[in-house]
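*Asks:* Below are the chains, spelled out letter by letter.
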Amino acid sequence: MSTEVISQIDVDRTRGDFSYPEQHTFDAGTGLTHGTVDYIADVKQEPDWIREFRHKALDVFLSKPMPTHWASKDLENIVFDNIRYYLANSQRPTRSWDEVPDDVKRTFERLGIPEQERKFLAGVEAQFDSEAVYSNMKKALGDEGVIFVGSTEGLKEHPEIFKKWFGKVIPTGDNKFSALNSAVFSGGSFIYVPPGVKVKHPLQAYFRINAENFGQFERTLIIADEGSEVMYMEGCTAPKFETATLHSAVVELVAMKGAKIQYVTVQNWSANVFNLVTKRAIAHEEAEVKWIDCNIGSRLTMKYPGVVLKGRKARGEVLSIALANNGQHQDTGAKMIHAADETTSNVISKSISIGHGRSTYRGQVHIPRHLKGCKNNTECDALLINSTSRTDTYPAITVRGSRNSVQHEASVSQVSAEQIFYMQQRGLSEAQAMSLSVNGFVNDLVREFPMEYSVELKRLIDLEMEGSVG
Amino acid sequence: MSLVIHNLHARVAGGQEILRGLNLEVQKGSVHAIMGPNGSGKSTLSKVISGHPDYEVTSGEVLLDGVDVLAMEPDARARAGLFLAFQYPVEIPGVSNANFIRAALQARLKDGEELDAVDYYGDLYKEMDKLEIPRTFTSRSVNEGFSGGEKKRNEVLQMAMLKPAYAILDETDSGLDIDALKVVAAGVNALRSPSVGMLVITHYQRLLDYIAPDVVHVLVGGRIVRSAGPELAYELESKGYDWIKETLTEDAHAVELASV
Ligand SMILES: Nc1ncnc2c1ncn2[C@@H]1O[C@H](COP(=O)(O)OP(=O)(O)O)[C@@H](O)[C@H]1O
Ligand SMILES: [Mg+2]
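So the protein lines, in turn, are chains A and B. Basically my numbering = 1-based index in the first sequence + 190. Basically my numbering = 1-based index in the second sequence + 615.
If you are wondering where the hints come from, they were derived from the structure by calculation, not from laboratory data. Just so you know, not all the hints are guaranteed correct.
Using 30 Å as the maximum straight-line C-alpha spacing, the simulated DSSO-like pairs for lysine-lysine come out as follows [claimed, not checked]: (1) K450/A / K503/A; (2) K354/A / K309/A; (3) K725/B / K648/A; (4) K725/B / K309/A; (5) K388/A / K354/A; (6) K346/A / K450/A; (7) K450/A / K500/A; (8) K778/B / K648/A; (9) K354/A / K295/A.
Predicted model, so just to flag it, every value in this text is computed and none were measured.
Isolated chain B, as found in the complex (with noise of 0.2 Å):
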C-alpha cells in the first residue's frame, strides 16, 4: 500500500516543463519529506498528484494503492483519500469553516445517507481544542481574514476531520512561530498511523525536529536527485541547497563525460 509516483513529467499547459522525470514512492505508515530550494517544483508536484487543472502530465503515473489517480477529477482523487494542505490556502468568502468541513464529509458518504450532526460538531470540537483553535473559527468564513499561522492550523484541522490515506503538507510550516509550529507539529504527528502515508515538503530542516521523518528527498530541478535518511535534512541545513547544485554539475559534468 502506497502512493507511487513514477517518471512524472508535467508542465504548465502549453509551457516549460516543470517535472522532469521524477519518481518518489510514500508508504502508507510512514513519513517522507521533501526539501528543496524555492522554484524547485515542491508546490507543482503537490498540485499535479492532486489534479490541479493549470497543469498538463505529458508522461508518468500516479498510483494511489495502485489505482492511476490522473484520470480522476480533483474530487474524486480527495474522495479516494489524498489530502493537500496547501501552501497557500485559499479564501472562501461567505462559506462558514464549520459547513465546508461538513459537506466534505457529508461528500464522502453514499447517496441517502446523511452526516450525524451531533457526533459532527463533536468531532470537530475536539481536533479545534487539539490544534488550540477557537470555537469562533467555526462560523468563520473558510480562511478569510485569518492569519498565515490559523490558515496552516485550519488545514491540518481539515486533514485531522477528513482523515486521508495519503496527506501532503507543502510547506505547513511557512509563516508560523515556534509555538504555532509545535502545535501544528503535535496536530500533524497524533494523525501519524499505520494507515496514513504523509509527504512533507518543507524548505527549512526545522519542522524536521518536530515531524521526525523517515526518509528525506531532496527535489531540485523538478527532480528528485537525492534520497536518505534523516540526517541528509542536517547535511542540507550546515552546507545549504548549493552544496546539493554543486554536486549535481559535478554529476551531470561526470554524465556528459561519460556520454562522449
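Here chain A stands alone, though its shape is the one from the complex (with noise of 0.2 Å):
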C-alpha cells in the first residue's frame, strides 16, 4: 500500500459531521403532497411525461403499506408529513469548483472530493441536499461520447436513451420507497458509455446532505453499451441531527452484451438517518455487473442490491460489509433473479455488529427449473463484538430443476474479551484492536475493492471503533 493513496485520501474526513447554515432559494416545504410534486416539476421545467411520471409514482406511494410485516417497525418513525422533499439554491451544476458557493464548496474540500478529483477520477458530481452543485468530465470521454449528467439533464438532454430504460429495471411500484423515490426524486446521475468504450478511471458522485428534517431521494440510470466498461463509486455523508433524516434513492443499471459494471458504494450516514435504497441491475449476454457495497452508519438501512441476469452466461456479483454500531440496524443484502442459461451469481456479505447493534441478511436467489447451467455462490459471515448484538440471517434460495448448482455457507464469529485484552497487552488501544480484528475480518473481501477505497473504509471503521468505545 503506498503512502501515496493514503495522504490523497487522508484528508479532514472525520466522520462527515458538521453542516453549513442553510439558506434555500428553492423549498417545496414540509410534507408531501401532489402540489410538492407540482413543485419539484415546476422548478425543474420538467416535461409532461415525467410530470405524469410523478403523480402517478405518489398515487403508488400513497397506497402502499409500509413493510413491516417482514421488516423493521422502525420504518413506522418515519414522519412523512415532518420532511421536506426539495431543496436547492439552483437546478444548474457548475462545470468549475470556482463558481460553486463558497460554504458548499467548502462541504466538499472538507470531504476531499475536489482533490480526489484531480488525483484519480474520470469524472465528478457533487450533490448537495436535491440537487447537484457541480458536475464534470474528463473532456477525452466526452469526445468518445460517454455521457455523465445529472438526472433533470439527462432526461432532458438525452430523452432518446433515457426514456428508454428509465423505472425499467425498478418499477415505481417495485417498493414503497421506490414510488417515493419515483414521486419526488431529484439529482443523481445519468450515464451513458457507448459501445466498446472503456473508461479507464472511475466515474464519482458524492451525496451530501446538509439540511436537517430533509429526505435526499436521488435517482441514478447507468447504461454501459455493447462491450463497454465503466466503474462508478458513490460517497455520502450527512451530519448528526437530532430529527430523522431520509434518503431514499434508486439506482438503475444496464449493462449490454459484453458490458462490464462496477458500482461501488461507501456510505457514512449519520446516526439519524434512514437509508432505505433500491438498487438493481439487468445484465445482457455475458454481461458483468459488480455490486460493492459498504454501509456504515445510518439508523436504519435497508439495502439489497440484485441483478437480474437476463442474457446467457451473465455474471452478477454482490459484495457486501455492513457495519452495525450501537443503536444501529444494517438490514442488507443482495438478489440474484437468474433469467438465462448459464449466468452466475456470487454474493458474499460481512456483518459486523457493535453494542446493540444489529445486522440482518436478506438474500434471494432465484434459478427457474427450465434453466441450466446456472450457478450462484453465496456466503454470508457475521462479526460480532460483544454479546448483546443481533444478526439474522434470511438467505431464501430457490433453485429449482437439477441443472444448475448453489453453493451456501454462513458463519457468524465473536470477537472476544479475551482477544481484545490480548491486543491491548501489546499496546493497541481498545479501539485500535477492534479496528483490527474488523479490519482481519473484512480483508479478504476489501482487497477485491478498487485501492482508494478500501484505503477510505479501513479510515472509516477505524472512526467508527473510536466511536463505539466513547
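Since each chain comes alone in its own frame, lean on the hints to assemble the complex.
*Replies:* And the structure:
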C-alpha cells in the first residue's frame, strides 16, 4: 500500500459531522402532496411525461403499506409529514469548483472531493441536498461519446436513451420507497457509455445531506452499451441531527451484451438517517455487473442490490460489508434473479455488529426450473463484538431443476474479551484492537475493492471503532 | 528501577480472593522465577499486573519504576513497558502476525510518526530467524492454527520486537519439547540485559536449567511463601510442592499457637 494513496485520501474527512447554515432559494416546504410534486416539476421545468410519472408514483406510494410485516417496525417512526422533499439553490450544476458557492465548496473540500478528482477520477458529480452543485467529466471521455450528467439533464437532453430504460429495471411499484423516489426524485447521475468504450478511471458521485428534516431522493441510471466498461463510485455523508433524515435513492443499471459495470458504494451516514435504497441491474448476454456495497452508519439501512441475469452467461456479483454500531440496524442483502442459461452469481456478505447494533442479511436467489448451467455462490459471515449484538440471516434460495448448482455458507464469529485484552497487552487501545479485528474480518473482501476505496473504508472503520468505545 | 508488587489482594470480580497479600520486587537487570502448584494464582498474578478486566484489585499496589499502574488501561501499561507472554496465547483470525506486531509498534510512536516498513521487516526477520520461525508466519493470522510450541515462540518473538522494560513469562515452557525449549530459552536469554527485568513463571524446574534465575519464589495460595536463590528450585523439584505445603501447615500451626 503506497503512502501516496493514503495521503490523497487522508484529508479532513472525520465522519462528515458538520453542517453550514442553510439558505435555500427553492424549498418545496414540509410534507408530501400532489402540490409538492408539481412544485418540483415546475422548478425543474420538466416535460409533461415526467410530471405524470411523478403523480402516478405518488398515488402508488400513498396506497402501498409499509413493509413492516417483514421489515423493522422502526419504519413506522418515519414521519413523512415532517420531511422536506426538495431543497436547492439552483437547478444547474457548475462545471468549475470556482463557481460553487463558498460554503458548499468548503463542505466538499472538507470531504476531499476536489482533491480526489484531480488525483484519480474521470468525472465527479457533487450533490448538495436535492441538486448537484458541481458536475464535470474529463473532456476526453466526452469526445468518446460518454455522457455523465445529472438525472434532470439526462431526461431533458438525452430522452431517447433515458426514456428507454428509466423505471424499467425498477418499476415505480417495486416497493413503497421506490414509489416515493419516483414521485419526488431529484439529482443522481445519468451515465451512458457507448459501445466498446472502456472508461479507465472511476466516475464518482458524492451525496451530501446538509439540511435537517430533509429527504434526499437521488435517481441514478447507468447504461453501459455493448462491450463497454465503467466503474462508478458513490460516497454519502450527513451531519448528525436530532431529528430523522431520509435518504431514499433508486439506482438502475443496464449492462448490454458483454458490458461491465462496477458500482461501488461507501456510505458513512450519521446515526439519524433512514437509508432506504433500491438498487438493481439488468445484465444482458455475457455482461458482468458487480455491486460493491459498504454500509457504515445510519439509523436503519434497508438495501438489497440485485442483478437480473437476463442474457446467457451473464454474471452478477454483490460484495457487501455492513457495520452496525450501537443503535443502528443494517438490514442488507442481495437479489440474484437468474433468467437465462449459464448465468452465474456470487454473493459475499460480511456484517459486523457492535454493542446494541443489529445486522440482518436478506438474500434472494432465484433460478427457475427450465434453466440449465446456472450457478450461485452465497457466503454470509457475521462478526459480533460483545454479546448484546444481534445478527439474523434469511438466505432465501429457490433453485429449481437439477441442472443448476448452488452453494451456501454462513458463519458467525465473535471478537472475545480475551482477544481484545491480548491486543491491548501489546499496546493497542481498545478501539485499535477492535479495528484490527474488524479489518481482519473484512480483509479478504476488501482486497477486491479499488485501492482508493479500501483505504477509505479502513479509515471509516477506525473512526467508527473510536466512536464505539467512547 | 523495579517492578514492585506490594500487599496485592485480588479476586475475580465478586468472587473469592485469589491473591492474598502478595509482595514481590523485580529489579531491572534481574530474572526472578515464580514456581507454584497449579491453581496457586500464578497466571492470576500475571493478568492482574497487566490489567485483565476479569479481576478486581481490592487492595495493594503495582508500581512500574515508581508509577502505580493499577488505574491504567492494559494498553497504557503495555506502552509503559510491561509485557506478558501468555500461558495460553489468543488466536486472532484475519489479522496477520506481521501486521499485528507492526500495529503494536506503531501504537508506541507519537502521533504523526510512521514506522519505517523496511527497518521493521529487517528487525522482524532477524528475530524470527533467531527463534527459528519460518517466514511464512508473517502472513499467517496471529496464533491461528499454530501448534503449542509455535504459539510460545510467537510470544517470545513479540517480546523481542516490543522490547519491554519488564516481561512476565507465564509457563512459556509448557507444551514444549526439549529442542523447542532450548530455542525459546535462547531467545529469552538474548533479551536479558541490565535494562530488562523478568518474571519467569513455571511449574517445573526444567526451564530454569536454561534460563538461570537470580531469585526463586514459591507461590502458594495467593502468597509468596518462600524466596531464595536458584537452589530453591532444585529443592522443590526433588521434594515436590507437598513439601512446601507441609512446612506451611506447620508454620500456620505455629502462628496459630503463637496467637493463642
Ligand atoms: N477468571 C477466573 N474465573 C474464575 N476463577 C478463576 C479465574 N482465574 C483464576 N481463577 C481461579 O483462581 C485460582 C488460581 O488460578 P491461576 O491463577 O490460573 O493459577 P495457576 O496459574 O497458578 O495455575 C484457581 O482456583 C482458578 O480456578
Ligand atoms: Mg497458570
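*Asks:* Does each hint fit the structure? Answer for all of them.
*Replies:* Hint check results:
no.	hint	result
1	K450/A / K503/A	13 Å, holds
2	K354/A / K309/A	35 Å, violated
3	K725/B / K648/A	20 Å, holds
4	K725/B / K309/A	29 Å, holds
5	K388/A / K354/A	22 Å, holds
6	K346/A / K450/A	26 Å, holds
7	K450/A / K500/A	14 Å, holds
8	K778/B / K648/A	28 Å, holds
9	K354/A / K295/A	35 Å, violated
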